[in-house]
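Visitor: Each chain is listed here by its residues.
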Amino acid sequence: MNRNATVWLWRAASFAVAASFIALWQLVANLKLVSAVFLPSPDRAWASLVRGFSNGDLWSKLAGTLEHMAYGWLAASIAGIAIGAIIGSSRIMRTYVAPSLEFLRPLPVSAIIPVAIAMLGLTQAMALFVIAFGAIWPIMLATIHGFAAVEPRLYEVARSLQMSRLAVIFKVALPSASPDILAGMRLSLTVALILSVVCEILAGLDGLGHWVLLSARAFRSADLFAGVILLGVTGYVTSVAMSMAEHRLLAWQASQR
Amino acid sequence: MTTDKAKEKVKALILPLAVLLAFEAWARATHLQSDSLAPPSEIIMALAGAFADFSILAATRDTLFSAFAGLAIGAVIGLALGIAFGISDTLNRLMEVTVEAIRPIPSIALLPIALIALGFGYRMEIVIVAFACVWPILILSRAAVRSIEPRLMEVSRALRLPAAQRVWKIIIPAALPRIFVAFRLSAGIALIVAVTVEIAINPLGLGAGIMLAQQALRPDLMLAYLVWIGAIGYALNILLVVAQHRLFGRAALSGDSA
Chain P
1 MNRNATVWLW RAASFAVAAS FIALWQLVAN LKLVSAVFLP SPDRAWASLV
51 RGFSNGDLWS KLAGTLEHMA YGWLAASIAG IAIGAIIGSS RIMRTYVAPS
101 LEFLRPLPVS AIIPVAIAML GLTQAMALFV IAFGAIWPIM LATIHGFAAV
151 EPRLYEVARS LQMSRLAVIF KVALPSASPD ILAGMRLSLT VALILSVVCE
201 ILAGLDGLGH WVLLSARAFR SADLFAGVIL LGVTGYVTSV AMSMAEHRLL
251 AWQASQR
Chain S
1001 MTTDKAKEKV KALILPLAVL LAFEAWARAT HLQSDSLAPP SEIIMALAGA
1051 FADFSILAAT RDTLFSAFAG LAIGAVIGLA LGIAFGISDT LNRLMEVTVE
1101 AIRPIPSIAL LPIALIALGF GYRMEIVIVA FACVWPILIL SRAAVRSIEP
1151 RLMEVSRALR LPAAQRVWKI IIPAALPRIF VAFRLSAGIA LIVAVTVEIA
1201 INPLGLGAGI MLAQQALRPD LMLAYLVWIG AIGYALNILL VVAQHRLFGR
1251 AALSGDSA
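Here the protein sequences come in this chain order: P and S. Residue numbering for the first sequence follows this note's numbering, starting at 1 and increasing by one per position. Residue numbering for the second sequence follows this note's numbering, starting at 1001 and increasing by one per position.
The reader is advised that the hints may include incorrect statements.
From the structure, some residues in chain S lie toward chain P, with a derived Cβ separation under 8 Å [stated by the list, open to error]:
1) Arg1093
2) Pro1106
3) Ile1116
4) Thr1196
5) Ile1199
6) Ala1200
7) Met1211
8) Val1241
9) Val1242
In silico SDA-like links for lysine to any residue, alpha-carbon gap of 20 Å or less [to be verified]:
10) Lys1009/S / Ala158/P
11) Lys1009/S / Val1019/S
12) Lys1007/S / Ala158/P
13) Lys1007/S / Ile92/P
14) Lys1005/S / Glu102/P
15) Lys1011/S / Arg91/P
16) Lys1011/S / Arg94/P
17) Lys1005/S / Leu1015/S
18) Lys1007/S / Tyr96/P
19) Lys1009/S / Val1241/S
20) Lys1011/S / Lys171/P
21) Lys171/P / Ala158/P
22) Lys1005/S / Glu246/P
23) Lys1005/S / Ile83/P
24) Lys1007/S / Lys171/P
25) Lys1009/S / Arg105/P
26) Lys171/P / Leu101/P
27) Lys1011/S / Ala158/P
28) Lys1011/S / Leu250/P
29) Lys1011/S / Glu246/P
30) Lys171/P / Glu246/P
Just so you know, the hints here were simulated from the structure itself, not pulled from any lab data. Every residue, glycine too, gets a C-beta built ideally from N, C-alpha and C.
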């Protein structure tokens, strides 16, 4: 048997195992071993998912969450790379500023939410600020690290070519730090999704977080599970998309090594 | 050497001190009246007050209890699955789709489910923290078990150790340094998730304390909580890094721990 066929066979077996878990879940729900208030059967959750998409409810919630996530994450990426580049490319900034940032890193970012609410109220702006603030750390610190770890000889070459500081950043440091930066951006994606959900729950902003909370309050467990499944799919799809983008963007590196 | 290091540390302190002093001066000069900001001196006073009436200590206890209980449960489950998947490639391949389907669910999305199933309180928070901690421990311990020197496994086979003894005497000791790294990462996640659950919904611990201070329009107390939460996160991180160095030295950093 060739290798490709083996891989597919394993994958099929793995899907079969997952399907049997869902069947088990259906069985548990059908036998009413767990109250349907907490655990809807998978067919009910699926029906709720289909209904939500066909009447457009879930589309708008999904769009709301993706919008919060995307804006916050993009803002964090731009600001994180810019600030990280400024700090990382200067020795002075690295000695004076970077330690403060390292000190702030273990802070659970969600603790900034009350402060953001006090400043901005329960608004979209608050959500965007919180998401961007939370997502900026992995990107910024990865950028600083990437800039600091650039092969020193590349800097020497740049100096002997008399490149300007901007040129050094864009032509030498950024490409060389890009694996670190992209890894940071991937971490931030998860942070952005979690903070989007939290902000939607707290501020009642239109999105899946708000949807699952309302469903739970009304004990509509099928809708609740549909929302949670959709959030899982969102997490999965965004991370796969990020991996593919990473693969694409770093293809030049793989071919060099 | 040491003076250089001390100098670096002093340099690192200049910026935060300057920011704090400037902020204090600005707040005094403008007679700051705000619902969201307070000068550092008032924050320190509020923190001292919260310590004096033990409110912040009780909240800290609640948060750390939930975080560590969830971490312990998540670590045991994650470790058991990680070791099983690491030993048996068949099991790992069969479970791949199931694991990859559940893992991307953001832990906080389980909050409403835990809420209706368990109500407010410690239990729902612990369940969510445990869910969040399972995955990093599962993935890293699986990798750790796989990278064990094959000869060790051959020895255990030659000795005909029963499976339980093989896990206990060979696999866990050999993979322990890297398992501890996974545990350290998860401890940080546990604290973050616990605080997040409290801020989002659960009327318990530090997260609830900071939300209450915000709603009571006490920016000094709110920022005092923020500083304290940051200090706990920092202390936990330092503690575990030091423990890792003490216990395992450089072994944790390299895959081939002899």
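Visitor: The structure should be examined with respect to each hint, and the outcome stated for every one.
Guide: Comparing the hints with the structure gives:
no. : hint                  : result
1   : Arg1093               : 5 Å, holds
2   : Pro1106               : 5 Å, holds
3   : Ile1116               : 5 Å, holds
4   : Thr1196               : 4 Å, holds
5   : Ile1199               : 5 Å, holds
6   : Ala1200               : 5 Å, holds
7   : Met1211               : 5 Å, holds
8   : Val1241               : 10 Å, violated
9   : Val1242               : 14 Å, violated
10  : Lys1009/S / Ala158/P  : 31 Å, violated
11  : Lys1009/S / Val1019/S : 17 Å, holds
12  : Lys1007/S / Ala158/P  : 30 Å, violated
13  : Lys1007/S / Ile92/P   : 13 Å, holds
14  : Lys1005/S / Glu102/P  : 16 Å, holds
15  : Lys1011/S / Arg91/P   : 12 Å, holds
16  : Lys1011/S / Arg94/P   : 10 Å, holds
17  : Lys1005/S / Leu1015/S : 17 Å, holds
18  : Lys1007/S / Tyr96/P   : 11 Å, holds
19  : Lys1009/S / Val1241/S : 19 Å, holds
20  : Lys1011/S / Lys171/P  : 31 Å, violated
21  : Lys171/P / Ala158/P   : 9 Å, holds
22  : Lys1005/S / Glu246/P  : 37 Å, violated
23  : Lys1005/S / Ile83/P   : 25 Å, violated
24  : Lys1007/S / Lys171/P  : 33 Å, violated
25  : Lys1009/S / Arg105/P  : 17 Å, holds
26  : Lys171/P / Leu101/P   : 26 Å, violated
27  : Lys1011/S / Ala158/P  : 29 Å, violated
28  : Lys1011/S / Leu250/P  : 36 Å, violated
29  : Lys1011/S / Glu246/P  : 37 Å, violated
30  : Lys171/P / Glu246/P   : 19 Å, holds
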